[in-house]
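Chemist: Chains as they are written, first to last, in this note's numbering: chain A, 1 to 106; chain B, 1 to 463; chain C, 1 to 632; chain D, 1 to 480.
Incorrect hints may appear among the rest.
[What the hints assert, rightly or not] With a straight-line cut-off of 27 Å between C-alpha atoms, the simulated DSS-like cross-links for lysine-lysine are: (1) C:Lys27 x D:Lys432; (2) D:Lys64 x C:Lys593; (3) A:Lys105 x B:Lys24; (4) C:Lys77 x D:Lys159; (5) B:Lys433 x D:Lys99; (6) B:Lys60 x D:Lys460; (7) D:Lys432 x B:Lys356; (8) D:Lys159 x B:Lys424; (9) D:Lys64 x D:Lys159; (10) D:Lys460 x C:Lys593; (11) B:Lys356 x D:Lys64; (12) C:Lys201 x C:Lys77; (13) D:Lys460 x C:Lys574; (14) B:Lys341 x A:Lys102; (15) C:Lys376 x C:Lys530; (16) B:Lys424 x D:Lys99; (17) B:Lys424 x B:Lys24; (18) C:Lys162 x D:Lys432; (19) C:Lys597 x B:Lys424.
[Unchecked claim] With beta-carbon atoms standing in for the labels, derived distance ranges: (20) C:His453 x D:Ser367: 46 to 52 Å; (21) A:Arg91 x B:Gly25: 30 to 36 Å; (22) A:Ser95 x B:Asp460: 39 to 45 Å; (23) C:Ala563 x D:Ala277: 39 to 45 Å; (24) D:Glu51 x C:Glu114: 53 to 59 Å; (25) A:Asn92 x B:Asp259: 30 to 36 Å; (26) A:Phe26 x B:Tyr51: 38 to 44 Å; (27) D:Lys155 x B:His260: 54 to 60 Å; (28) C:Ile464 x D:Ser367: 31 to 37 Å; (29) A:Gln7 x B:Glu256: 35 to 41 Å; (30) B:His262 x A:Val18: 24 to 30 Å; (31) D:Ala450 x B:Ile397: 49 to 55 Å.
Calculated directly from the structure, the hints in this document are not laboratory data.
Note that beta-carbon positions come from the ideal geometry of N, C-alpha and C, so glycine has one too.
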Amino acid sequence: MDNILNQIGIENYIFLSVVLFCIGIFGVLYRRNAIIVFMSIEIMLNAVNLLFVAFSTYHQDAQGQVFVFFSMAVAAAEVAVGLAILVSIFRNLGSISIDNLKNLKG
Amino acid sequence: MNTLIAITGLGIFCLLFEILNFRKGIIPFTILGLLGVLALNFCEFGSTESYYNNMITVSKFSTSFSSLFIILTIFLVALSHNFYENHPTKISDFVAIKIFLLAGGVAMVSFGNLAMFFLGIEILSIALYVLAASERLNLKSNEAGMKYFLMGSFASGIILFGICLIYGAMGSFDVVEISEYSLSAELPIWFPIGMVLVTIGMLFKIAAVPFHFWAPDVYQGSPALTTALMSTLAKVVAIATLFKLISGLNFIPSLENQDHLHTFENIIVFISIASMTVGNIMALRQVNVKRMLAFSGISHAGFMLMTFLTVATSAGVLLYYTAAYALAGIAAFSVILYVCKNQDDEDIANFHGLGKTNPLLAAILTASLLSMAGIPIFSGFFAKLFLFNQTIQTGHIALVIVAVINSIISVGYYFKLILAMYSKEPNQERTGKPFLIYAVAIISIALNVALGLFPSLVLDLLN
Amino acid sequence: MEMDTNLALLLVLTPFLGFLINVFFGKSLGKTVSGAIGTVAVAISFIVSVLLFNQITSTGKAIEVTLFDWIQISNLKINLGFLLDQLSVLWLLFVTGIGSLIHLYSISYMHDDENIHKFFSYLNLFIFFMITLVIGSNLLVLFIGWEGVGLCSYLLIGFWHKNQDYNDAAKKAFIMNRIGDLGLLIGIFLLGYYCNTLDYKLMYESIHYRATLSDESFTIIPLAALCLFIGACGKSAQIPLYTWLPDAMAGPTPVSALIHAATMVTAGIFMVTRLNFVFDLAHDVQNVIAIIGAITSLVAATIGLVQTDIKKVLAYSTVSQLGLMFLALGFGAYEVAVFHVITHAFFKACLFLGSGSVIHGLHGEQDMRKMGGLRKAMPITFWTMMISSLAISGVPFFSGFFSKDEILMTAFHHSIPLYVVGSVASIMTAFYMFRLMFLTFFKEFRGTEEQKHHLHESGSLITIPLIILAILATFGGLISLPGNSWLNEYLAPLFTKAAGEEHHLGTTEYTLMGVAVVGGLLGILIAYIKYFKQDNVPESDENITGVAKVLYNKYYVDEAYNAIFVQPINALSKFFRDYIETGLSALVFGLGKVTNKIAFQGRRLQSGSIGLYLFVFVLGMCAIISYIFLAQ
Amino acid sequence: MNVSTILIILLIGAFATYFSGDKLASKVALLFSLAALGCSIVLLNNYNAGENISLINAWIAQPKISFALNADGLGLAMVLLSAALTPVIIFSSFGNDYKNSKAFYGLILFMAFAMTGTFLASDGLLYYIFWELALIPIYFIALIWGNGDAEERRKAVVKFFIYTLAGSLFMLTAFIYLSQKANGSFLIEDLYKVQLSACEQFWIFLAFFLAYAIKIPIIPFHTWQANVYQKAPTVGTMLLSGIMLKMGLYSVIRWQLPIAPLAAKEYMYIFIALGIAGVIYGSIVALRQNDLKKLLAYSSLAHVGLIAAGSYTLTLDGLRGAVLQMIAHGFVVVGLFFAAEVIFRRFETREIAQLGGIRTQSPKFTSMFLILVLASVALPGTFNFVGEFTVLYSLSQINIWFAVLGGTTIILGAYYMLRMFQHVMLGETNSKVFADVTLNEGISFAVIIAVLLFFGFYPKPITDLITPSLETILQVINKN
């Protein structure tokens, strides 16, 4: 089979994932709802995953795709913990806006 | 490798003990187990082999650092007995988590493949998230956990992206291969950028300026024991890993080939100066001891970063510095744990008159603070000495002078605590002399002083 | 040599031994015994000095004793050694001689004081240091004695230590002496630098050797001489450092007699005479000395004219006599100065002891306005003092006549103006001495009734010394008669140029003598008219006016010094303490404060908002990456 | 037997004292300090007999740091000073009872240990370690057992600690830099051998100067001194002024001058001038002090200024005079502070204004105090005169004006000391009762006075002891 990268250059993939990554970053920076912040982080990770796949095709080497699985699994675990923390916060605070988390400072 | 397996096994055993309803035994068993692991690890010392086609490579560097981690964990586990007295159901979980965290740490210093590196980080971090937020009903703890989690996972994202770029540049995750390619003349720009991104991620973990903001809040919010763990074990793991990463991937030589070395060095110098200064100055006005130590930790991160200017030779110095710092930290935190057991915060006021009520603990805390401040004969002094020595060799005298000025500033807040202990009247009577805490405090400070008297022991391990 | 060493040690150590005994056991020994011990100790040294004197006169060559190395400095080695030659032995004679007389006197005079053993220990210590000063073989040993006698004078002036005014006087004396001592010390440094030795004999040789070379470093010599002279000013109460001596009268009268008239104050003259070979090479300095001496004698005399405190009068007369001696020194007529030192020692000691006897008789009254008519009550005191007054006024054939006359003659030969000044001073001397005599002893008593009731001649322990001194004051002049002077020949070996060749007796000399005598008598006459014929008594302090007031207040010199030196220094000290000190420490603390301020502001940045944290995080990241790109 | 024995005795003594309990502590401490004194005297004999009493062991391989103790005449003289003063100081404290005295006396011995080490160490880093170690005990002594308002004291002591530490850290940097030049060795011989450019020497010299100027202290780095002296317990003050100052002065001679001779020669005048400025400034400030201890602090500022000036002359006389004066000043200042303490024990105050009229109550004490005062104004016949004369002489050889200005100390010194003496001791009998000096107090005084007078007339032994080593140091200085 011929390499898909012959039609669309690797650069485009890189740009795409960088853009995605930045979107994720901006999401994290600008949104105040914890859930949405999580999702933005997920976007970042997925952008990276996309890039992994692209590179692995580019290098004709499966390691990259394997790595994607790692990162997905890790991301899942992370989010699980994160949500757990979020739940307990919601129990104590009744809100999930990260703006309320300003008691520790100075 | 066996170390790693053994540690993981130990963790699982802890969980089993809970199921088998054998709580009493957990702590002693774990400590014994860890001692065993330590012995095992010593056996591996010197051998350099790699497992699972280079997923894990055991080297002097990894073994010596893992031994340090294991020792620290032993202390932490020992402390957790007294810490979780009041809610015994948690013991097994948290001990187990600590063990897994240790596993993550060991994985991080002995990775042979970026995948392993990433997994290690994540194991460590996730464990830390849990521990930070472990006091469910305490809002502070929750907030700490949340902050740490959000920023941590953000940092992980950065690291992942970095790894990805490295992969893109090199077409491999294997450290050996990458290090070979990295010496080739032509390198895609992605490689350095990827490396920088990974470095930034790690700098976040070791809480270097400007990625340090999480540290004070998280340290203050999380349970004292967790803070102890973060400020000693986690920090040491992170810095060691970063060191291994930069040296292992021949990053420096590759930069030299592209003659961008000075760029990198400037960044390191800047960050280390910024970390020391910000850390020390911010610490001056803190009233919460944990928070104060957080800032002092930031400044120490700045000191440790100085080793990155001489990656080729300074592994030993880094090991020595981290050991000295971590041991002092353990000693200090064991006293803090004792003093602030039933206090709702770790305000300095809690330490008033400790010199009268518990002269021994006061002396130990004083010693550990002196060690952090870099007063002879404690190992902290020699750590700084060797560090400065290294740095002056590379001609960064200005950096050293800044470091010196910073050590002067640091004395300011370390002595605030000492003053509180000795020159104020006790405001509460402190009962009970928990054996484990005393033991940990004494042993760790003794080790610290021993390191000071015989620095060569550690220093020459990696030379 | 062994013999000499022992003699020298005996000479020095007996007073010291007396000091130790009186310090440690004095109280238990009881008043008379401790007094006796003190006296005997000094008497022994006197006997030793006599022995040494015989030896010197017979052999004619000096005795040198070296004990051990003291201070080692690279280019000069200073040992603790003694040099007993004509000069030092001569000095020893009258120091120990008068010393023992005054000790004797003190036994009775101080008998009522409960600290008499301390008094004697101090006196002995003084004698010890004075001897050290005189017989030291190098400048530094002299310096030991020099400062030692200063210390003793400090202790003895402040002997009645409950009175802070006396303590102030003592402190003043010590510090003023110290100012001089600094000068002396600098002089020593310069000489040491120039000669690479401080030993008199070696210095003499090396200076004469170097003088022949006359290299430019020779300019050090005048400088050194000047510094040494400053030292002498301090010790011998010359302008500008004389103000301590009158205040020193706060001490018990025997002290004034021994230390502040006869012996210690002559140390300056001794030192200059000892180092005559230095001063001979510095003519400008000699002129300075002469002028200072003349002025001092005049100023002191003028002040003496109007004083009403009997001891103050004597004190100023002492200053003025010392001035005359320096006048002589200034002309290089050392033997003349020495001569006057000796005669002055006799009659001034006698006068002081006499005044002491008077004060003793009046139970501590010192104001002449409250005396008078004591002639009948205390005849011995009167006659002895009368003799001494005649001597000091230069009435012919008393000792003072010869010595003072020689000084004036020398002055005349060198500079007429200074001669005039000197003569005027001595006329005034005659005047105020007899003013003192008339006010004290003639007319009827002006004191209170019960004082009058207790008037009595002092005991024999007091009168005997008076008589002896009076005799000496009378015949002391014989040791250096004009024309054939035993003293000059005796001292000749010490001086470079042959002594006294200037005044072979000629018409000028005789006329000068005549002038001096007339002057003296004139002074006495005025005093006679003013205080006997018209029997005025000086007014009480408040209604003294005009020149008299200025004189009575000693030209306000003390006030001036206070305003010029003491106050500014204290002000400066206050300024340093209150501003510089606090400023400096504020500066040091300031560093800490500033950092703390920064820390305080910095805490605002740590606002606790995750958004901000992440923002800075990203910012930092972008900064680093962009920096890398820029560096590319 | 070599010099390490003294250190061992003192260290063991420190712990033994701590574990002997509050009752015995003082006695035990005295015992060990006397043992140390005896030991050092024995060592002195061995040294004079030509035995090699120095010791050198490798300690750390890379960088080359060795446990090297070298006792030449100079070092021994200083060791003897501290070994002789420590028992006196401990003994003088028998009059007051300190709470938790086991720790107190333990710290004293530990400090003695550190200071002795500083005098003996001949390896740059070992020296630095001892130097810093000496700081910690005095910090606690002043902090815990000090007097006066707690808050004030805290401020003063912390300032003192940070200030001195700041200075010495720069010295450490200098040492590291030097060791680089001496390819990794900290041994004093190697450091002497290092060839430095003028510029390097200047900075090294400056770094050292910072450390020493603060420790000695030379103006304008003296601001910590008066307060700490006042706030610290008298024993601490004695240790500080009697021995610790001398550490700084000794180090100037041993380390600063030989390592950076060019700079020393280049800037000699500046530093001499600083020292002399200290003399005048200290004396003048002392005039208007109301607190006895503060006055003594400033007087000591003046004296050490003169000593420093002497050592910066780089002449044999200067160095010799400086060392002699160090020892003399060590004794006299301890004596004076003890006198202040004796008064404080009876009158509970050091305010000069509230004192006076003691002479009538205790002539004994008066005489002893007076002798000390006279010694401190360098009356001939006291040890101080020998030192001061030699120093002033050396200054006069450099430039007569230095001698003149430095000589003002004999005037101003007399002024403030006698003024103090008059208002403290003389005058109408004090209303409060002044119990006569006890036997213990008497003994302490007697020892000090005896030393001062003996060496005042016969300083030869000390001069002979120190001169050779000073000459060798001068050779190093003048080698290029």
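Chemist: Does each hint fit the structure? Answer for all of them.
Modeler: Verification of the supplied hints:
1. C:Lys27 x D:Lys432: holds (25 Å)
2. D:Lys64 x C:Lys593: violated (40 Å)
3. A:Lys105 x B:Lys24: violated (39 Å)
4. C:Lys77 x D:Lys159: Given pair Lys77 of chain C, Lys159 of chain D is violated - Cα atoms ~46 Å apart, limit 27 Å.
5. B:Lys433 x D:Lys99: Answer holds: Lys433 of chain B to Lys99 of chain D is near 24 Å, not above 27 Å.
6. B:Lys60 x D:Lys460: Measuring from Cα to Cα gives roughly 62 Å; hence the hint is violated.
7. D:Lys432 x B:Lys356: Judged against 27 Å, a Cα distance of about 36 Å means the pair is violated.
8. D:Lys159 x B:Lys424: Judged against 27 Å, a Cα distance of about 18 Å means the pair holds.
9. D:Lys64 x D:Lys159: With Cα atoms ~34 Å apart, Lys64 of chain D and Lys159 of chain D exceed 27 Å; violated.
10. D:Lys460 x C:Lys593: At roughly 51 Å apart (the allowed maximum being 27 Å), Lys593 of chain C and Lys460 of chain D break the hint.
11. B:Lys356 x D:Lys64: It is violated: about 41 Å lies between the C-alpha atoms, which goes past 27 Å.
12. C:Lys201 x C:Lys77: Holds: Lys201 of chain C and Lys77 of chain C sit about 14 Å apart, inside 27 Å.
13. D:Lys460 x C:Lys574: Given pair Lys460 of chain D, Lys574 of chain C is violated - Cα atoms ~42 Å apart, limit 27 Å.
14. B:Lys341 x A:Lys102: holds (25 Å)
15. C:Lys376 x C:Lys530: At roughly 21 Å apart (the allowed maximum being 27 Å), Lys530 of chain C and Lys376 of chain C satisfy the hint.
16. B:Lys424 x D:Lys99: holds (15 Å)
17. B:Lys424 x B:Lys24: The hint is violated at about 39 Å.
18. C:Lys162 x D:Lys432: Measuring from Cα to Cα gives roughly 16 Å; hence the hint holds.
19. C:Lys597 x B:Lys424: holds (25 Å)
20. C:His453 x D:Ser367: 46 to 52 Å: violated (41 Å)
21. A:Arg91 x B:Gly25: 30 to 36 Å: Cβ of Arg91 of chain A to Cβ of Gly25 of chain B: about 33 Å, so the range 30 to 36 Å holds.
22. A:Ser95 x B:Asp460: 39 to 45 Å: Between Ser95 of chain A and Asp460 of chain B, where Cβ atoms are some 56 Å apart, the hint is violated.
23. C:Ala563 x D:Ala277: 39 to 45 Å: violated (26 Å)
24. D:Glu51 x C:Glu114: 53 to 59 Å: This hint holds: roughly 58 Å between Cβ atoms.
25. A:Asn92 x B:Asp259: 30 to 36 Å: Given a distance of about 55 Å, which is not inside 30 to 36 Å, the answer is violated.
26. A:Phe26 x B:Tyr51: 38 to 44 Å: holds (41 Å)
27. D:Lys155 x B:His260: 54 to 60 Å: violated (49 Å)
28. C:Ile464 x D:Ser367: 31 to 37 Å: About 33 Å separates the Cβ atoms of Ile464 of chain C and Ser367 of chain D, which means 31 to 37 Å holds.
29. A:Gln7 x B:Glu256: 35 to 41 Å: holds (39 Å)
30. B:His262 x A:Val18: 24 to 30 Å: holds (27 Å)
31. D:Ala450 x B:Ile397: 49 to 55 Å: Distance hint for Ala450 of chain D, Ile397 of chain B holds at roughly 51 Å.
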